[in-house]
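Q: Each chain, letter by letter, is given below.
There are 2 protein chains.
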Amino acid sequence: MINKRLREIRTLMANRGINAYLVTTSDPHQSEYLADFYKTREFISGFTGSAGTVVITKDEAILWTDGRYFIQAAYELSGTGFELYKMGVPGFPTVTEYLLNKVPVGGKIGFNGNTISFKLYRELLEALDQRMLISNLDFISDMWKDRPSIPSDKAYVHELKYTGTSAKQRIEKLRDEMYRIDADYNLIAALDDIAYLYCIRGNDVAYNPVVFSYALISKDKAYLYIDEEKLTDELNEHLEANDILVKPYDEIFEHLKEIPGKSNLIFDPKTVNLAVINSINANVRLVKTDSIIAKHKAVKNSTELDHMRNAFIKDGVAMVKFLNWLETGTPTGTVNEVLAAEKLNWFRSQQESFVEPSFNTISAYGENAAMPHYSPNEQNPVILKPSGLYLVDSGGQYLDGTTDITRTIALGDLTEDEKYHYTLTLKSHISLSDAYFKTGTTGYYLDAFARLPMLKHKIDFAHGTGHGVGYFLNVHEGPQSISTRFLDVKMEEGMVVSVEPGVYINDSHGIRIENLVVVEKVEKNEFGEFLGFEVLTICPIDTRPVVVDLLTDDELKWLNDYNKRVYDLVESHLTGSDLAYLKKATEEVKR
Amino acid sequence: MINKRLREIRTLMANRGINAYLVTTSDPHQSEYLADFYKTREFISGFTGSAGTVVITKDEAILWTDGRYFIQAAYELSGTGFELYKMGVPGFPTVTEYLLNKVPVGGKIGFNGNTISFKLYRELLEALDQRMLISNLDFISDMWKDRPSIPSDKAYVHELKYTGTSAKQRIEKLRDEMYRIDADYNLIAALDDIAYLYCIRGNDVAYNPVVFSYALISKDKAYLYIDEEKLTDELNEHLEANDILVKPYDEIFEHLKEIPGKSNLIFDPKTVNLAVINSINANVRLVKTDSIIAKHKAVKNSTELDHMRNAFIKDGVAMVKFLNWLETGTPTGTVNEVLAAEKLNWFRSQQESFVEPSFNTISAYGENAAMPHYSPNEQNPVILKPSGLYLVDSGGQYLDGTTDITRTIALGDLTEDEKYHYTLTLKSHISLSDAYFKTGTTGYYLDAFARLPMLKHKIDFAHGTGHGVGYFLNVHEGPQSISTRFLDVKMEEGMVVSVEPGVYINDSHGIRIENLVVVEKVEKNEFGEFLGFEVLTICPIDTRPVVVDLLTDDELKWLNDYNKRVYDLVESHLTGSDLAYLKKATEEVKR
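Chains as they are written, first to last, in our numbering: chain E, 2 to 592; chain U, 2 to 592.
It is worth saying that the hints were derived from the structure and are not from the lab.
Identical copies carry no separate label here, and so any pair may be met within one copy or between two of them.
Straight-line distance between alpha carbons at most 30 Å, and here's what the computed DSSO-like set of lysine-lysine pairs gives:
no.: 1; residue 1: 525; residue 2: 420
no.: 2; residue 1: 439; residue 2: 87
no.: 3; residue 1: 457; residue 2: 439
no.: 4; residue 1: 525; residue 2: 87
no.: 5; residue 1: 40; residue 2: 103
no.: 6; residue 1: 459; residue 2: 491
no.: 7; residue 1: 459; residue 2: 525
no.: 8; residue 1: 296; residue 2: 457
no.: 9; residue 1: 591; residue 2: 558
Make a model of the complete structure from these sequences and hints.
A: Spelled out as structure tokens, the structure:
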């Protein structure tokens with residue numbers, strides 16, 4: 002089947018004189034998860050992983066993907082005519098290196114500009130000197146006969162009682178900023194930016210409660226481009242009340258053509274696609290800007306935070322019930338990784354205003370947990386045993402908040418190494434959670450706070466320490482992050498981030514302890530303005546693997562205080578064995 | 002007198018149609034300290050501080066300086082016709098804001114391009130849109146009749162037994178890097194870069210053992226531009242043996258004119274002045290590059306490090322003798338801040354191969370120590386009393402190393418606050434000194450390690466945590482530093498930096514504890530390559546102010562281990578009361 006598709010696309014390429022055709026894993030809004038309609042890279046290559054890039058030439062077809070998918074990709078590509086190029090492995094050229102080598106000077110590289118971000122386009126343009134980029138070639142649409150339809154679920158209002166500020170207020174705040182930088186128009190394609198700005202939600206992207214749309218803000222008008230079938234009376238009323246003008250989704254292209262020359266149009270090149278930019282009149286001034294809405298969205302208001310605190314208690318109740326179920330069931334040999342993930346989702350679904358999981362649960366027993374991005378094997382799920390560590394990284398979308406939590410649980414006897422690494426992870430977790438820092442501090446600087454105790458033991462982990470989190474929106478949200486990659490983004494009061502250090506030992510065990518925290522003001526004194534964190538996540542941290550002698554008095558106090566706070570907030574929602582489990586799990590640890 | 006000079010320079014300005022004349026505090030090599038010959042800003046304004054910028058217009062004369070000098074500058078400028086503009090204080094325009102406001106479009110701004118770095122010139126050019134910059138106006142030379150002469154001290158060889166690698170080898174290493182980036186010429190003006198590259202030293206700049214010179218490296222030639230009177234037979238022999246061609250200092254201008262067009266010439270715009278760049282043929286390709294030599298110089302070789310270890314023991318011996326003298330003398334009321342600084346310098350001068358202090362000693366008692374850059378009042382020196390804290394920040398230039406050390410000493414009873422702040426400073430000092438970190442870590446990331454324990458107590462300090470240090474060269478040396486300002490410079494094995502956190506309480510007390518450390522390899526394992534620090538500075542850290550309960554077991558162990566190591570390395574060099582002092586000062590602290 003894939004062979005046939007390759008033949009077909011090569012015919013289309015030949016007809017248009019195209020030397021290489023590029024297919025990325027993306028939709029027109031650079032969403033983290035793809036609707037089936039946009040799984041073009043999977044259609045053409047047969048590879049079903051979540052990340053990858055395809056280049057097809059007259060006689061070669063290459064798929065690039067990263068270390069998470071080497072085994073799966075090799076299996077899925079075998080016999081298709083595709084070759085696997087391993088990203089990050091020496092000896093394999095990058096996509097641009099490959100194109101530069103394969104496409105002669107003056108040659109043509111084709112792709113669908115609708116799903117290529119303007120940023121990627123500029124990078125290709127710079128790297129692929131003297132080659133022609135043909136951006137309006139949507140060969141896959143021509144070929145894909147039984148293509149799934151674009152999601153047509155209804156969009157809905159995220160009510161003012163949840164959002165705290167109205168769409169009108171948010172648009173005004175955006176306009177204030179546009180005024181300051183002399184912008185006449187702001188073109189927005191990032192779905193979570195639009196959902197936040199207009200206080201709307203939808204069901205078009207898995208795990209992210211967003212709706213396919215574009216937005217355009219001028220000095221006095223606010224437009225929403227959306228498929229008519231997604232609208233309801235209630236939504237129309239809301240949009241009208243907030244002075245938002247509704248246009249059909251595809252009309253963005255025509256409408257952008259009408260923007261008068263000499264206007265300043267700002268857009269974020271990371272999320273706006275090339276096709277919409279190409280539809281803009283050539284003498285409009287295009288100004289690349291990091292999303293202003295992302296900065297506003299990142300700072301949660303007091304209404305949002307109050308609701309989030311409530312959502313985290315509900316999430317904690319679900320987690321405790323799940324952990325009780327897990328630990329009761331494991332000794333019977335009936336619990337496997339897949340069942341556990343499903344059960345956890347079920348416990349969450351019993352909580353008020355639950356909508357969906359916020360991402361695909363990582364449910365990993367023993368050595369599987371050594372892979373930070375592990376997905377359980379659905380066909381042949383691993384059964385949990387009453388020994389060693391089980392790691393579960395999961396989250397929920399509630400109308401009143403998005404959660405993301407990782408706990409690593411002792412299911413029975415542990416090795417000395419498991420305890421040692423668990424305690425180091427906990428030390429790193431506390432080191433950051435319990436820190437104060439100055440106004441103006443970046444996430445890169447804070448990353449050092451988390452790693453310091455672990456590095457002291459010559460141990461480290463190969464992923465970020467934390468990411469921004471949305472409010473009933475995407476679980477991964479910018480602009481802030483906490484990682485070893487420097488970004489000039491300062492932590493601000495009201496920003497929510499995850500704190501999730503870990504230790505991973507190949508073929509043995511993996512540990513991660515993750516809470517969400519919100520930046521709060523602590524004190525202003527002669528030395529400056531100090532910020533700190535309020536921990537939002539409410540769920541016991543397992544104390545059984547802790548080597549108490551490795552903790553300082555301050556660290557031990559933090560652990561006991563935290564578990565006590567969990568008990569106080571959750572106990573009234575539990576009864577019977579669940580309550581007994583909570584009591585035991587939050588018992589004070591003594592030296 | 003200043004009034005008369007202002008009238009004179011305004012006549013010169015009027016004759017050339019100049020709207021504003023700019024005088025910076027700098028020499029042609031952007032040295033940290035100025036020879037008297039280059040104190041043009043002092044000549045024109047009467048202000049004697051170490052930092053400041055002057056702008057003179059038809060009817061105004063302004064001096065900008067920073068907070069260290071507000072009182073002194075106000076005093077020295079009074080009645081001169083100069084007005085003080087306070088840097089960093091709201092309400093005062095910056096130099097460029099002032100120029101933009103005062104000089105009309107098409108107006109002329111004059112200065113001496115010989116002492117303006119190319120970097121500053123580009124910044125002025127960008128900021129002062131539509132004004133003309135006239136860079137060849139050396140009005141001060143025209144006016145200054147009794148000007149001191151340029152230093153004419155002899156230069157000398159830094160022998161191979163000290164440097165470990167020869168000038169020839171260092172030039173070859175530089176050429177390898179030039180080849181890699183396709184550079185035909187490297188123009189060098191930074192005096193410490195030249196001193197390092199050619200293994201020469203001199204006496205032209207206070208505290209920095211360097212010699213006024215330029216260097217030019219081509220693919221097959223190495224030139225040194227230097228005044229003939231600085232040369233000796235021994236030096237000439239050394240230069241010849243290392244294939245270094247000697248030319249008169251001023252011939253650089255003529256010689257640069259001869260560089261053929263289309264050549265690639267690299268230079269560091271931070272240290273190369275505008276005048277030399279202007280003498281280069283217009284079709285030579287100028288490529289701005291951070292100094293390659295600075296990167297090589299920053300990484301000390303094993304010969305250099307072995308010598309440094311020895312220099313630090315000598316420095317420790319001098320420090321212990323000084324501290325014993327200080328503590329014995331203070332109760333008699335005969336020790337003052339100035340005397341103490343002189344005495345410390347004398348103790349250093351008794352050590353083998355001592356050359357000069359590495360900077361002006363900060364000798365500060367009580368509340369004076371709250372000013373991190375304090376200079377004692379020579380006229381009316383403050384007398385030390387047997388109570389409170391005394392801070393001394395000093396260093397020496399030895400043929401076998403440059404030292405820089407700060408100790409804060411309890412001269413008698415301390416307040417609870419003094420003890421608390423001393424202990425926090427010590428915790429911060431240990432937190433960084435005792436840390437491990439990964440290859441690729443920046444000084445900005447490491448800064449977080451130092452501040453973490455202090456920030457936990459909502460306390461911070463307003464200066465950098467550490468700076469690079471030369472090897473019998475400048476005590477402040479790049480490219481690495483440890484501070485809250487992000488610089489993309491990675492710490493490498495062999496780099497020497499200071500670790501100097503502090504706490505400063507206005508009108509009360511000031512604390513700083515400073516050691517120099519060198520980056521060393523620690524371990525390579527499955528988690529990556531780990532680096533750490535070897536402490537170079539050898540001198541007891543005062544334990545009397547330590548609040549032991551605030552230290553963790555690890556911190557207490559570090560302190561005791563450090564002082565024990567100091568004892569072991571220094572005791573054989575001391576006798577009598579000095580040895581008794583060392584014994585007491587390095588006694589183990591117990592809970």
